[in-house]
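A.B. asks: Here are the chains, one letter per residue:
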Amino acid sequence: MIEIKNVTKRFDKTISLNNITIDFNIGESIALMGANGAGKTTLIRAILGYYHLDSGSIFVNSLNPIKDRVEVLKHISFVPQLPPPIKLNIGELLDYVSISSDISIDLIREYANELKLDIDSNLKKSFFKLSGGMKQKLLIAISLAKQSDIIIYDEPTANLDPKAREDFYRLLEKSSNNKIMLFVTHRLEEVSSLVNREVYMDLGNVISDKKI
Amino acid sequence: MNIRNSKYKNLFLVSYLDLKESIRSKWFLIYSIVFGGLIALFFIAGVTESQVMGFSGLSRLLLMYIQITIVILPIFILITTVRSISNDRDSHILEYMLSFPISLKEYYWGKLLGRFITVYLPVLFAMIIAVVYGVTKGATVPWELFFLYIGLLFAMSSSFLGISFLISSFVKSSEVALGLAFFIWIFLLSFIDIALISLMLSQRVSSELIIFISLINPMEIFRVSAISLFDPQLTVMGPVAFYILDIFSQKVFVLLSILYPTLLGLGLAFLGNRIFQKKDLV
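So the protein lines, in turn, are chains P and R.
So the first sequence is numbered by the numbering used here: it starts at 1 and just counts up by one.
So the second sequence is numbered by the numbering used here: it starts at 1 and just counts up by one.
Bear in mind the hints are in silico, worked out from the structure with no lab data behind them.
For each residue, glycine too, the CB sits at the ideal point set by N, CA and C.
Hints are supplied without guarantee of correctness; some may be wrong.
[As the list claims (entries may be wrong)] Each pair of labels, with its calculated beta carbon distance range:
1) Ser121(P) x Asn5(R): 50 to 56 Å
2) Arg4(R) x Asp120(P): 17 to 23 Å
3) Thr14(P) x Gly37(R): 48 to 54 Å
4) Gly37(R) x Arg10(P): 48 to 54 Å
Model the full structure from these sequences, guided by the hints.
C.D. replies: Right, here's the structure in full:
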């Protein structure tokens, strides 16, 4: 469970999160929506423990994401909007995630195959030299193989072609039980079959929160 | 390399991967060529056969190597390591890599350890190559000098790596980090000579203070200590030598010149770690 209570986060004079209170519970699949600058990415980064809050508190499974970051992050899978230009090759990136998070590389390979990504023939390639779609598929495969209770996707399908999106949603449906799934998205229609809750944000506030 | 069972597996993992990434990079290639090339150049130029100010053979070569290293090693370390964290932050690499259960402490010290090995090994290997080549040419190896220089290079690498990681921990943009690193290098370099001379000429500051300022500069203490290995009375430095050798014996001074920059680097790195943990990560 993620408990967000009266959270405010400012960057200089800009309020990015304005006294937000919201909970996300096991079994919920949430579409987090809103215009650019609404505070969606700030909210998920705060859940991941990247920001020191100006006020309020966040607890993930009753743990503080900053003080207990290692324990908290064992339970979270995250895929950012744009794959970062990591210079490690694929083999090294797989070592990083498998050693740090005890993820099975075979399982990553399995999910990657489902997404039509051949990992083995690209092991020596630098991650940043892969195409946008390949990078995204690899990050998605890693996130699914981590088998976390909480999955956070920030516009995960931005670089995927229609077939890959289909594969991605099919995989998600298979593994969505007893999890919290948080999708930051601008395209509700894409995740509508997966989500059971819609949250709209604007200017750092939650302006609508409905279960469907 | 099996690091999965180690208690410090994440620290070793971060440093191992950083090391691999650095070794593949172009800057590392240039860095290694510069220091390896310097040694090769000295041999080609026949430095070991020459005799200048009474120093000849490998001692002469090591002296020249150290004199050049004083100037270029700090800027190389600063430029190549100051962006290690700020660049990851800039390019959102940090956002992804730190979404895995790795503590900030492990990430920071892992990066620092990886970078330390990357910057220290080429200068060390260059010296080893010099000694091996010198031996094949029949030169006598000044072992005491060799080991003391290894210590001095270790100390200087530590201090500038500490400065780099401190800057990297609080600067948000890697361009600013680079600018700041360059400024610090110029500042410390100017306080080897020019700035000190102008302070002295202005006669508003006591000589003791000027000497103190010069000796807290890791570049200057490295330089004086390197000279003292050849010239224990520091005669080439003139009257300043009296102040220094009045306070310390030559051995204590050399020990200090290894300990002080190492501890300075460690202290700054600890401060950087603290800032890294207290600041927003992205």
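A.B. asks: Decide, hint by hint, whether the structure agrees.
C.D. replies: We went through each hint and held it up to the structure:
About 30 Å separates the C-beta atoms of serine 121(P) and asparagine 5(R), a value inconsistent with the hinted range of 50 to 56 Å. Our hint of 17 to 23 Å for arginine 4(R) and aspartate 120(P) holds, since their Cβ atoms are close to 21 Å apart. The hint said 48 to 54 Å for the Cβ distance between threonine 14(P) and glycine 37(R), and at roughly 50 Å that hint holds. A hinted range of 48 to 54 Å for the beta carbons of glycine 37(R) and arginine 10(P) is consistent with their spacing of about 51 Å.
The earlier numbered hint that this structure contradicts is number 1, and it is the only one.
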